[in-house]
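**Student:** Given these sequences and hints, build the entire structure.
2 protein chains.
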Amino acid sequence: MQKKYLMTPGPTPVPAEVLLAQAKPMIHHRTPEFNAVVRNSVEGLKYVFETTESDILIFSCSGTGAMESSIVNCFCAGDEILIAINGKFGQRMQLIAEAYGLEASVLEYGWQEVVDPRDIAAHLAAHPQTRGVVITQSETSSGVLNDVEAVGKIVREYPDCILIIDSITGIGAVECKTDEWGLDVVMTGSQKGLMLPPGLAAVSVSPKAWRAYERSTLPKYYFDWKKYLKSLGQDTTPFTPAVSLMIGLDVSLKMMREEGIDNVIARHSRLAEATRQGVEALGLELFAPAEGRGSAVTPVWVPEGIDGKELVKIMKNKHGVTIAGGQDEYTGRIIRIGHLGYFDDFDIIVTLSALEMALTELGYEFEPGSGIKAAESVLMA
Amino acid sequence: MQKKYLMTPGPTPVPAEVLLAQAKPMIHHRTPEFNAVVRNSVEGLKYVFETTESDILIFSCSGTGAMESSIVNCFCAGDEILIAINGKFGQRMQLIAEAYGLEASVLEYGWQEVVDPRDIAAHLAAHPQTRGVVITQSETSSGVLNDVEAVGKIVREYPDCILIIDSITGIGAVECKTDEWGLDVVMTGSQKGLMLPPGLAAVSVSPKAWRAYERSTLPKYYFDWKKYLKSLGQDTTPFTPAVSLMIGLDVSLKMMREEGIDNVIARHSRLAEATRQGVEALGLELFAPAEGRGSAVTPVWVPEGIDGKELVKIMKNKHGVTIAGGQDEYTGRIIRIGHLGYFDDFDIIVTLSALEMALTELGYEFEPGSGIKAAESVLMA
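Going down the list, the sequences are from chains A and B.
Heads up: the first sequence begins at 1106 in the numbering used here, then just goes up one per residue.
Heads up: the second sequence begins at 1106 in the numbering used here, then just goes up one per residue.
Treat the hints as calculated values from the structure; they're not laboratory data.
Do not rely on the hints blindly, as some may be mistaken.
It does not matter which identical chain is meant; a pair holds if it fits inside one copy or across any two.
The calculated lysine-lysine pairs, modelled on DSSO-like cross-linking and capped at a C-alpha distance of 27 Å, are [what the hints assert, rightly or not]:
no., residue 1, residue 2
1, K1414, K1335
2, K1332, K1193
3, K1193, K1331
4, K1109, K1331
5, K1282, K1331
6, K1414, K1108
7, K1335, K1108
8, K1109, K1359
9, K1129, K1359
10, K1423, K1193
11, K1335, K1418
12, K1478, K1151
**Tutor:** Structure (structure tokens):
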């Protein structure tokens, strides 16, 4: 017998209460019972997104579907947009924009760099016809946190330019004040901070984004926002939704409301700090720069002479702790420890302990227990 | 305490084995464990779709997403296609085709008519440039079964024209011999014959359909078939899939293989016949014409002087049996009894009994028990 710990930045562990809610007998989606699920979920998501001004739309798809929806609902082919990229998921937004014939300018940064809002301001000043700015709040590939609040201040000065935030691993892990910061479109996926299995995505749409919608001519049907808005008026969805996942969402959002969104975010911040102090105490180096570290995932350089893939494999197969490896050019060179969603102090302790044991097994030299000691001191504070 | 019976044509009841499989702790999708789930699911779906020649792609979305995928992956804007429509879901295909700028010719039939394959042959002879024929095998809105085998024989004579089958409530309920009948694209949704919650859809793609893909220029990303095909080579999916639903799919497909696809279809045929004989014995009239009745759902005219919405409500609220009402112009005028997926003899008996009691309560005159008697005689045969 070996317990399993899922320490990846998505899918993330699902609370037993949520798992079991999804195992209830199936109900039909055109019923008052399910209308209540939709109504509660939208209200709960508004609370989590910190918005009263935006509409919240829920799609049965993974996060990439929500990303695509933001492009096809807000723009026309040939529109100029600006995409700030400092990781894998910013790149995906570029691929989607290009698939739909947008003229995407790219501000490209290294995966270890934070997007500089001044670069966005300079681009918009030089290209005031820009119709949209796209930025990833929390880059899952690198752990970097971009300052979307600062970007919001810049973009709100341009009445015909909307700000699209990929907050797929941001929502529920870091502050994301949709209204206050002027974020026009914010998206997340169910298998992240919302503590659900994958299969649902949520998007917030501001009044400014609805104006962009009215102008948009890109073809769409399944992801057509207006269809979802119209159905929301009757607490339903235009197409058969993922009923069991929606029922789970209702439960997980209740858990988040009970804890309180500020406490949820404070917990993530504390667990991230414990993880960072723990790995640094082992002599390992953090991947993300000090000026922009998110609370969803902690990427760490694999020490010289150690095979990162082997490290992940030992932690999973020998110790039952699944962490993520690096992506693209960082495959085998970094590990990524997720602490996004349903995590508490001892999940971090377990992971650091498994990391200590696996590193020892691979011949890395350090003071055993030092990572745990550093983490404990953060967790006790 | 009141037991609940879900007798709708989707969502359909989910076996407890499948519900509980989905309640297992979350696993990551980039693991050998999940690769096995993908591999098994694709194999199981090939068995159910009766294909060895087509690829099977699985999407995290509802059936409408799969419908959209068939349009955006096979055509260019301006392409001429032919859509045969005899119900609500044929109409949806037309809306999708129009959203993407196709030139859709429509063969329109009444909801109580079966599509005549000769009309399709005549249209193709007159318009040999037609790039695709779209037809709903089993119309959920009307219960009508169209003869897609006959249509397959016609379309296979046109090397540049593909045949797209909406078999969302066909697969697992009626025969659908993808290879033998020359069906290029066949689609289904998880919450139908596959006995799962909604949230997944599967599409089969023939070599001829892949040639259409190569020519297609419509924009796409989340539903881009080639991305899914490429990932299938590594037993995975391009984007995070609905992991818990996929794990459920693995279990439900095993159940279908154990029963055997021919037995699954024979069971549906028997339950549909029992339902039909049962309602006719009550003096009610079937909605679908004798020459084209599917096994997924039995729509029935509500007798003169009875309010169909009230009938559905009494069956649900008083007796715990949820059936569907009519859609669009048939709202309140027909009821639809689903028997698609996880159903056995006594589900039909229960439904007919609830129908008898609700009809009595609404003042309809008939011989109580006569519906049950007629159904029993079919079930005993």
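**Student:** With reference to the structure, classify each hint as holding or not holding.
**Tutor:** So, going through the hints one by one against the coordinates:
For the homomeric pair K1414 and K1335, the shortest alpha-carbon distance between copies (23 Å) is at most 27 Å, but the shortest distance inside one copy (48 Å) is not. For the homomeric pair K1332 and K1193, the shortest alpha-carbon distance between copies (17 Å) is at most 27 Å, but the shortest distance inside one copy (30 Å) is not. Taking the shortest alpha-carbon separations for K1193 and K1331, only the inter-copy value of 20 Å comes in at or below 27 Å, while the best intra-copy value is 29 Å. Taking the shortest Cα distances, K1109 and K1331 never come within 27 Å of each other, neither inside one copy (42 Å) nor across copies (34 Å).
In this assembly of identical chains, the alpha carbons of K1282 and K1331 lie at most 27 Å apart only when taken from the same copy (24 Å versus 37 Å across copies). For the identical chains of this complex, K1414 and K1108 are intra-copy neighbours only, at 21 Å inside a copy versus 51 Å across copies, given an alpha-carbon limit of 27 Å. Within a single copy, K1335 and K1108 get their C-alpha atoms no closer than 45 Å, and across copies no closer than 33 Å, so neither meets the 27 Å cut-off. With identical chains, the CA atoms of K1109 and K1359 are at most 27 Å apart both within one copy (26 Å) and between copies (26 Å).
With identical chains, the CA atoms of K1129 and K1359 are at most 27 Å apart both within one copy (17 Å) and between copies (21 Å). Proximity of K1423 to K1193 under the C-alpha cut-off of 27 Å is found in neither arrangement, the shortest distances being 29 Å within a copy and 54 Å between copies. In this assembly of identical chains, the alpha carbons of K1335 and K1418 lie at most 27 Å apart only when taken from different copies (25 Å versus 48 Å within one copy). Taking the shortest alpha-carbon separations for K1478 and K1151, neither the intra-copy value of 39 Å nor the inter-copy value of 53 Å comes in at or below 27 Å.
Taken one by one, the earlier hints fail for this structure at numbers 4, 7, 10 and 12, listed in ascending order.
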